[in-house]
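Keeping their order, the protein sequence lines are chains A and B.
1 is the number of the first residue of the first sequence in the numbering used here; add one for each residue after it.
1 is the number of the first residue of the second sequence in the numbering used here; add one for each residue after it.
Hints may contain errors.
Heads up, incomplete: computed chain B residues facing chain A, CB under 8 Å, no partners named [as the list claims (entries may be wrong)]:
#1 Y12
#2 D20
#3 Q22
#4 I54
#5 M62
#6 V86
Residues of chain B clear of chain A, computed beta-carbon distances all greater than 10 Å [as the list claims (entries may be wrong)]:
#7 H24
#8 R36
#9 V55
#10 R71
#11 I88
#12 L97
#13 N105
#14 A111
#15 A113
If you are wondering where the hints come from, they were derived from the structure by calculation, not from laboratory data.
Bear in mind that the values here come from a model prediction, so they are computed numbers and not experimental data.
For glycine and all other residues, C-beta sits at the position ideal for the given N, C-alpha and C.
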Amino acid sequence: MTRDAVGRLPINSSSDILSARQRVREAAARLGFDQFDQVQLATGVSEIGREMVAAGGGELELWISPSRPRRLVIRAKNAALGADSRDASPGVVAARRLIGPPFDGEMDEQAWTFSRLLPKSATLDQVVEALSVGATDPYSEVSRQDAELLRLLEEARRRDGELESVNRELEETNRGVLALYAELDDKAESVRLMSDERSRFMSDVTHELQTPLSSILALCRLLLTQAEGSLGGDQAKQIGYIQKSAQDLLDFVSDLLDLAKVQAGKVAFRSAPFEVVDVFGALRGMFRPLSADANVPLMFQSADIPTMETDENKVTHILRNLISNALKFTEQGEIRISATHEPETDEVVFTVADTGVGIPAADLSRIFDEFVQLDSRRGRRERSSGLGLPLSRKLAGLMGGSITVESELGVGSKFTLRLPRTYAPNVQSVAGSIGYVLVVDDDHISRYVAKEQLERLGWRVIEAADGELALKLAQEAECRAIVLDLVMPGMSGFEVLERLGADPGTAAIPVVVRTSLPVNEIDTARVARAVAVFSKSDDSMRSLVDLLAASTERSPSPAAKNDQR
Amino acid sequence: MDRVPIIKVGKYLLATIQTDVQDHVAVALQEDLAARIIAARARLVLLDISALQIVDSFIGRMIADISGIARLLDAEVIVVGMQPAVAITLVELGLTLSGVRTALNVERALAMAGIRDQA
């Protein structure tokens with residue numbers, strides 16, 4: 001133990017005396033002095049402290065003597081103390097009596113020392129601890145804690161300031177984000193507008209393209225089936241080519257438009273019950289000439305499938321796409337089209353499997369992208385837009401189904417179409433009777449085509465080129481049915497439909513809408529009064545004739561039946 | 001602790017020093033007690049120092065002074081509950097507190113006062 005291990009107690013005021021005696025008492029307790037000794041030592045310190053305060057203040061040092069036997073040494077330092085006043089004052093006398101004799105090795109001019117033998121039980125640890133306790137007094141401790149508190153408060157205040165500035169920063173960031181959001185909203189709005197614009201443009205252009213194409217096709221059909229028959233063999237062939245080309249072009253335009261409509265989410269469903277067998281029958285008829293050309297037989301298989309109730313046109317459309325694709329890539333072998341019903345999920349699963357060139361694995365994911373045509377060692381046998389598969393997949397998705405593909409290069413591909421058996425039902429029934437048919441269309445070629453077809457079936461046709469006339473005729477003539485175009489100058493087909501419905505004299509007349517607008521795009525609510533809606537671009541003339549015929553005992557003419565594109 | 005509380009119990013005053021006190025608190029107690037003795041017309045003051053561990057010459061002299069002042073005011077101070085170590089230390093210091101009556105506890109102090117009242 002050296003002199004360095006010392007406790008220091010400043011003695012400058014009566015409060016210092018109080019804390020010094022308390023510290024010394026505590027230190028004595030830790031050193032193992034009994035209670036009586038503790039009180040004596042503390043009281044002695046109090047006495048010498050008073051002497052020091054009276055003499056201008058000073059400092060108490062506590063240490064343990066380096067030599068054995070160990071003693072507790074209390075040294076009172078006071079600069080003002082004179083050597084001659086030593087031991088004279090009563091305080092020093094009292095302290096000498098209470099604490100003990102001077103410590104031998106420590107005689108100096110400006111201090112008194114007092115020493116007391118340590119109890120035998122005192123350990124070194126206790127001594128160190130005791131002296132460190134003695135080094136602090138409660139008042140300086142309190143003021144130290146006060147200072148600490150103030151420092152912490154200051155710190156807290158600084159943190160507050162920091163938080164505030166961070167807050168401000170966040171607020172600014174937030175404002176920035178909000179501004180960005182607003183900008184994004186603006187951008188989204190303009191993109192939406194552009195998209196709308198594009199859709200409108202597409203539908204306008206397509207409308208413009210479809211109308212003349214429909215007319216060309218219809219005229220070709222008329223020419224080819226005309227009984228007046230003044231066509232030479234070559235002419236018939238040439239007209240056949242014209243018809244084929246026009247049909248291709250119309251298909252392409254339709255695909256493009258359909259895809260655009262699906263993308264714009266503007267697809268309406270006309271769900272009705274139908275039999276898969278009938279769909280297969282129609283497809284078989286449609287592809288018979290093609291598959292015969294290609295020397296690849298189509299094998300249709302359908303197990304016992306319950307009646308489906310969804311959009312038959314779309315199912316047919318998808319299967320047509322899949323089959324024509326299969327035909328394009330299959331040179332030999334066969335194409336199997338099958339349908340099965342899965343009772344657990346109530347899904348109908350169509351598969352179209354070919355024995356064609358197959359699709360490289362790397363391309364499997366790409367084939368449903370738009371305008372993708374895979375390179376093939378085989379040349380294109382036919383023109384293709386590359387829109388068939390993407391459109392098919394989208395249509396399947398809209399019906400709640402999916403299309404998947406498996407393929408092995410050189411072995412063949414298998415497309416699987418899964419569709420829920422029923423979609424939201426939306427059944428339209430046909431009602432009507434024999435009599436005049438009023439054909440309303442501003443396009444005289446369309447009107448002429450419709451008239452020719454209907455008259456060949458024995459219907460009497462009256463024509464109206466605009467809505468006003470149509471309403472007048474509908475009231476005056478004995479109309480049994482009305483074939484109505486929607487897009488007309490002046491009064492539109494929608495308005496005509498509405499006014500026909502509002503007039504009790506005409507409200508009962510069944511109206512068939514035949515329009516060059518894509519059926520998908522038409523607001524079904526506005527044509528709800530119509531018994532059916534057909535597209536001029538679709539295979540509509542036959543359907544129209546079938547529909548009108550359905551209300552008579554007459555059956556459609558054989559020509560109409562075979563009318564296929 | 002700035003002030004030693006002084007409680008009036010019946011005809012007596014009870015002052016309890018609850019911890020080691022600074023000099024000015026002891027001085028204040030001396031003044032407060034004098035004022036209360038007069039205000040309450042008290043004849044007996046019990047000064048409880050059982051919690052006091054350190055009584056140095058200053059505090060000891062204060063106690064003696066309080067006793068003297070009270071006597072001049074026709075009251076008696078009984079110092080109650082002095083710790084043995086304190087008593088020994090006071091003797092070592094040469095402070096015998098002559099003229100100050102003491103009792104080991106409040107009960108005995110009241111008994112002493114009761115004897116006095118009867119006399």
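Hint check:
Here the hint on B:Y12 is broken, as its CB sits about 29 Å from the closest CB of chain A, past 8 Å. With its C-beta approaching chain A no nearer than about 6 Å, B:D20 sits inside the 8 Å limit, and its interface hint holds. A distance limit of 8 Å between C-beta atoms decides the matter here; for B:Q22 the minimum to chain A is near 5 Å, and the interface restraint holds. About 5 Å separates the beta-carbon of B:I54 from the nearest beta-carbon of chain A, less than 8 Å, and the hint is met.
Because the smallest distance between the Cβ of B:M62 and any Cβ of chain A comes to about 13 Å, over 8 Å, the interface hint for this residue is violated. For B:V86, the suggested interface contact is upheld, since its CB lies about 6 Å from the closest CB of chain A, less than 8 Å. At roughly 7 Å, the least C-beta separation between B:H24 and chain A is not larger than 10 Å, which violates its mark as non-interface. Consistency note on B:R36: stated as away from chain A, and its beta-carbon is indeed over 10 Å from all of that chain's, at 24 Å minimum.
With a closest Cβ-Cβ approach of about 7 Å to chain A, B:V55 is found to fall inside the 10 Å limit, against its non-interface label. With a cut of 10 Å on Cβ distances, B:R71 stays outside the contact zone with chain A, its closest approach being about 26 Å. Against the 10 Å criterion, B:I88 falls within the reach of chain A, whose nearest CB is about 6 Å from its own CB. Listed as a non-interface residue, B:L97 keeps its Cβ farther than 10 Å from every Cβ of chain A; the least gap is roughly 15 Å.
Every C-beta of chain A lies more than 10 Å from that of B:N105, the closest at about 19 Å, which supports listing it as non-interface. Taking the minimum C-beta to C-beta distance to chain A, about 28 Å, the non-interface status of B:A111 holds against the 10 Å cut. Non-interface call for B:A113 relative to chain A: holds, since the shortest CB-CB distance, roughly 29 Å, exceeds 10 Å.
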